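> Chains as they are written, first to last, in the working numbering: chain Z, 1111 to 1196; chain V, 187 to 557.
Keep in mind that the hints were calculated from the coordinates and are not lab data.
From a predicted model like this one, the values you see are computed outputs, not experimental measurements.
Don't be surprised by glycine CBs; every beta carbon is placed ideally from N, CA and C.
Do not rely on the hints blindly, as some may be mistaken.
So the derived label-pair ranges between C-beta atoms look like this [unchecked claim]:
no., chain 1, residue 1, chain 2, residue 2, range
1, Z, T1112, V, D528, 54 to 62 Å
2, V, A300, Z, D1151, 20 to 28 Å
3, V, W314, Z, A1149, 37 to 45 Å
4, Z, R1177, V, L226, 43 to 51 Å
5, Z, T1194, V, A258, 42 to 50 Å
6, V, D528, Z, A1184, 58 to 66 Å
7, Z, R1177, V, G245, 32 to 40 Å
8, V, A388, Z, E1163, 14 to 22 Å
9, V, L226, Z, T1194, 25 to 33 Å
10, V, G208, Z, E1163, 14 to 22 Å
11, V, G245, Z, T1133, 50 to 58 Å
12, V, L308, Z, R1193, 46 to 54 Å
13, Z, A1184, V, G508, 52 to 60 Å
In silico negatives: residues of chain V with every beta carbon more than 12 Å from chain Z [as the list claims (entries may be wrong)]:
no., residue
14, R232
15, D236
16, T389
17, S391
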Amino acid sequence: MTDPLITRLKHLIVDTLHLDGVTPDDIDEKAPLIGSGLALDSIDALELVVKIEKEFGIKIGSSEESRQALASVASLADFIRTRTGK
Amino acid sequence: MAGPVASETVLLKACDCLTPFGDSAETLAALLRGERALQLRPVLGREGGDPVPLALLPGRALDETAPPSWLAHVRTLLAPVNGAGWGTARRPVFVTSSNFGAGSLYAYRRSGDAAHMEYGALVNCVGWLREQLGWQENVAIFSHACVSAHLGLLQASRVLQAGLADEALVFSFDFLSPFVSGGFHALKILNADFPAPYQARATGSIGLGDGAGYVVLSRTSGDFSIVAQSMYNEMHHFTANQPDGAGFEACLAPLASQAAGRRLWLKGHGTGTLDAGRMESGAFAEVFAGAPLVGWKGSLGHTLGSCGLVELALALAAIRHGRTPGTIGSGAPTFTAEVALDSFANDSYDGVICASNAFGGAHAALLLSHA
C-alpha cells in the first residue's frame, strides 16, 4: 500500500522545483535527492526546505539536519513524522 | 585564475577597520581578551524571528533606515585618510562589498518608502557614498561575495604596478540587514548556535557581523607590504565548493614559493561551517604544514565582502602589537593540529597569509609582511 506522505512529498518536490519531464511516479523514494538521483543542487534544497517548513509547520535547524532530512524521500518522510508526531 | 599576481610588492601606507569593538587596535585588544562581539538577536530585526548570533556596531539596529545608519561610522573610519583628493586620475578608489545595501531594496518592498531606493542598488549606493565622502569620479566597484575585498585589493595592486596610479584607496563595507541575515538563516547555516571555526562538532553554524575596512596602497610609502596575492575560482556551483576541496589548495599553493624561507602564521576564513572549515584547514596544513592557523569570525561574525580588509587590518595590528589572537569560540577537537585556539606571540614570524573564501568556490589569499 502506498504511503500517503511519500506520495504527497513526491508531488511537492515536482511542483516546488518545477521539474520538467519528471512525474511523481518517476521518483524512487530510496534514491538520493541531492547530487545524484534527481540531481538536485543546494539551491533546490533551499527551496525545498522553505516549502517543507511552511507546509508541515516544522523547523529544520541546521544545514547538517537539512542534509540528513533530504537524503531521500523516505528519509524526509521519517524526519517529518518525527517532528510532527504523526 | 590562479597564481601570485604581484611581481613587485605593493606597500600599505595606511590600513584600519571598524567592527563592533571599534577600530583595529580596539578590536585586537578585545580579541586578545577573548571577547565575543556576537549576541543572539532576532534574525529579522523588529519583525522578530529566531535568535541568531549577530554583531552590530554600537547603537545600530539591524533594520534599515534612510539614509543608512552606517554612514556616520564610515565617516569616522575613513576620517584619517579621507579628504585628500581621492577619486582623481592618479588616486583612484576601489569600493567593494558583497551586498552594497541590498537590504534597502527589501526595505522599500516592505515599507513602500522610495527613500530607500537611493541606497538600494550597487551603483546608487556607491554614487551616494561618493558624494557623501567627497570622492571624485575615478571610483571603481567590485563585488564577488565574500572575496570582494581581496578582489578590490588585487585590482588596485595591478593599477599601481602598471604605473597607472600613485596611490589607491581600497574601501570595503558590509552592514547587516534583515535581508542578509534572513538569507543566511534560510540556508540553515545561521542558527541559534555560536560559530566555532575549525572545531570538529556535529553541526556547523556561522555568525554575521557589521564590518568595514580600508587600505591605502602605495608603490613608495609604507612599512608593510603585500608580497603576493592569489585568487582562484572553481566556478563549480552557485554556493558549494568542489567536494574534494581542491580549490582551496589551488589558491594557496602559488603563494608557497613566495613564502619560501619565511616563518608564517595563517589567518583563515573560518566561518564555522563544517565542510568548508575542514577543507580550508586541510589545505592550509597541506601547503603550510606546521604554521599556526587562526580565525576570528567566532567573535566578530562573518563580515561578508568586507572580511578580507577587516581581517587584514587586524592581522596588521596583531603584527605591530606582537601577539596574535586565537580562534575565539572554538575548542578541541579541531580539524587539524595547526588550529591555534589560544593567542600567541608572533614576533618571531616573518609574515602572515590572510585568506578568504566565498560562495561557489571562490578563493583568495595574500601574503603580508614587513616591507
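> Confirm or reject each hint.
Hint-by-hint comparison with the structure:
no., hint, in the structure
1, Z:T1112 x V:D528: 54 to 62 Å, "holds (57 Å)"
2, V:A300 x Z:D1151: 20 to 28 Å, "violated (36 Å)"
3, V:W314 x Z:A1149: 37 to 45 Å, "holds (43 Å)"
4, Z:R1177 x V:L226: 43 to 51 Å, "violated (24 Å)"
5, Z:T1194 x V:A258: 42 to 50 Å, "holds (48 Å)"
6, V:D528 x Z:A1184: 58 to 66 Å, "violated (46 Å)"
7, Z:R1177 x V:G245: 32 to 40 Å, "holds (39 Å)"
8, V:A388 x Z:E1163: 14 to 22 Å, "holds (21 Å)"
9, V:L226 x Z:T1194: 25 to 33 Å, "holds (27 Å)"
10, V:G208 x Z:E1163: 14 to 22 Å, "violated (38 Å)"
11, V:G245 x Z:T1133: 50 to 58 Å, "holds (56 Å)"
12, V:L308 x Z:R1193: 46 to 54 Å, "violated (40 Å)"
13, Z:A1184 x V:G508: 52 to 60 Å, "holds (57 Å)"
14, R232, "holds (21 Å)"
15, D236, "violated (8 Å)"
16, T389, "violated (4 Å)"
17, S391, "violated (6 Å)"
Hints 2, 4, 6, 10, 12, 15, 16, 17 from the earlier list are contradicted by this structure; the remaining hints agree with it.
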